[in-house]
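Asks: So the protein sequences, as listed, match chains H and X.
Per the working numbering, the first sequence runs over residues 4 to 240.
Per the working numbering, the second sequence runs over residues 4 to 240.
What the hints contain is simulated information worked out from the structure, not anything from laboratory work.
Just so we're clear, the structure is a prediction, and the values are computed from it rather than from any experiment.
There may be inaccurate statements among the hints.
Note that identical chains are pooled: a pair holds if it fits in a single copy or bridges any two copies.
SDA-like, lysine to any residue: derived pairs with alpha carbons at most 25 Å apart [what the hints assert, rightly or not]:
| no. | residue 1 | residue 2 |
| --- | --- | --- |
| 1 | K165 | G24 |
| 2 | K178 | S75 |
| 3 | K107 | T231 |
| 4 | K174 | N66 |
| 5 | K174 | S235 |
| 6 | K174 | I21 |
| 7 | K107 | Q19 |
| 8 | K165 | E35 |
Number of protein chains: 2
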Amino acid sequence: MAEQPLYLQLRDQLMQRISSGDLPAGSRLPAERVLAESFNTTRVTLRQALAQLESEGTIYRSNRRGWFISSSRLTYEPVNDVSFTHYVAEQGRVPRTEVLGIEKMQASISVATALALRPGDDVFRLRRRRFADERLVFVETIWLNPCFLPSIEQQRFESLWKLLADKYGIKLTRKQITITPTALTGSVAAALGVNSGCPGLYITRIGETADGDRIEFDEEFWLHDVLTISVSTQQNH
Amino acid sequence: MAEQPLYLQLRDQLMQRISSGDLPAGSRLPAERVLAESFNTTRVTLRQALAQLESEGTIYRSNRRGWFISSSRLTYEPVNDVSFTHYVAEQGRVPRTEVLGIEKMQASISVATALALRPGDDVFRLRRRRFADERLVFVETIWLNPCFLPSIEQQRFESLWKLLADKYGIKLTRKQITITPTALTGSVAAALGVNSGCPGLYITRIGETADGDRIEFDEEFWLHDVLTISVSTQQNH
DNA sequence: AAGTGGTCTAGACCACCAC
DNA sequence: TGGTGGTCTAGACCACTTG
């Protein structure tokens, strides 16, 4: 039986203190230098242990403020969900949405394909950030098809689902969902406030009406440790 | 405009050499010490750059043999797929399955729940490893319900789909699929030949007959960089 | 201003794999 | 047996956040 490397032993000790309730969800870990000294090792090795716990989703870091204990994961149903606000609240968490902006753009090839338009056609790009219990959980870019959404640029976008239903009488179903494990880098990492290379999920969806009109194309970048995806296949009655 | 940290500059330079075709898919990177010297830095910093590329899925490591360029991702449809062998071949790759063993076990609470049995009931545990182009891509544990599978332990398990169809006349549909980003640790990391803490996906599924008989409960641990998940929602006709 | 995490250096020894 | 990656040390300076 080979002995475990030191950083995995440190991981186990920290994990035990967390699961014992010594360090409750949301609280901050002691400073790296303090932890390193208390374990009688260097910061480099301690940080290996922290990186383990981070990739397992047990802890996360916030800017340069320190390390925090993660809450339990959100359950996300990309096929059936109607509203982030709704399903987050249903799970006993406090949702918040931040609209970063909406702009008129010309469709790229990939966006045009998703919305059944031609490249260069007008589309609207909406960008938002989503929080659960004040922790940022994902950023999204939504490409809206203006053919079905007159004067869309003058609206408010905290709840797109409600806007589509109330103002346009549209109820979406989700098609062509893809889920790709990826690293968060560049402007996405910056918008999420994480370091480049932090693991994440890239999720895309197309929103259609029952008639097959392509209303929106959604691109989401999630932090890896905040969600479990659930796909329940519908029964035909 | 802040200058990028060195390890991200190194990442970009390596990325350029990879995407230019200088380093083709499947080939090995030069040794860490060689790369560090060629970039005029230390191994620690160079390894930060390699960790970035690894988390992005651009490169991967194999035991202590070195770093290799990744191939493109497999597309995986957990809802509709019938056979790993079939859909891997369909994507122009060479599948291989390795059976690690089958044992009679007593159902744990979670397994019993998934298979609609009582804890302690007999179940069979089948463990396999799956390869694409000779790269290990996931390990799985399949819990089989013996009520519907007489003398299952005497069979061969390279293709479970074929076995169920030919011998038992069973065609499965997939229910209650969950997908959780996780870290690969312990015996799972060892079986996959990766370091503890490597990012991965944990996917579970329940296989039912059209009559609702729970035949199997499937737990898969995938390497994060080898797949894109696609969920196509069926149309009702 | 003090403290935090982020980055980086220049070494070292070990375990494992391929030759 | 030689070379690889895996692990670890004992420092250092910087950028940012918080009080």
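Asks: Have a look at K174 and I21 and pick one of within, between, both or neither, based on CA distance no larger than 25 Å.
Replies: neither (43 Å within a copy, 44 Å between copies)
Asks: Reference check for the pair K174 and N66, CA-CA at most 25 Å: within, between, both, or neither?
Replies: neither (38 Å within a copy, 50 Å between copies)
Asks: Between K178 and S75, at a C-alpha cutoff of 25 Å, which is it: within one copy, between copies, both, or neither?
Replies: Answer is between: at 23 Å across copies they meet the 25 Å cutoff, but 28 Å inside does not.
Asks: Checking an output row: K107 and Q19, CA cutoff 25 Å. Within, between, both or neither?
Replies: neither (51 Å within a copy, 32 Å between copies)
Asks: Given a CA cutoff of 25 Å, do K107 and T231 count as a within-copy pair, a between-copy pair, both, or neither?
Replies: The answer is neither: 33 Å in one copy and 30 Å across copies each exceed 25 Å.
Asks: With 25 Å as the alpha-carbon cut-off, assign the pair K165 and G24 to within, between, both or neither.
Replies: neither (40 Å within a copy, 48 Å between copies)
Asks: Taking 25 Å as the upper bound on the Cα-Cα distance, should K174 and S235 be classified as within, between, both, or neither?
Replies: For K174 and S235, the Cα distance is within 25 Å both inside one copy (19 Å) and across copies (19 Å).
Asks: State whether the alpha carbon distance between K165 and E35 is at most 25 Å within one copy, between copies, both, or neither.
Replies: For K165 and E35, the Cα distance exceeds 25 Å both inside one copy (45 Å) and across copies (54 Å).
Going through the hint list in order, the structure does not satisfy hints 1, 3, 4, 6, 7, 8.
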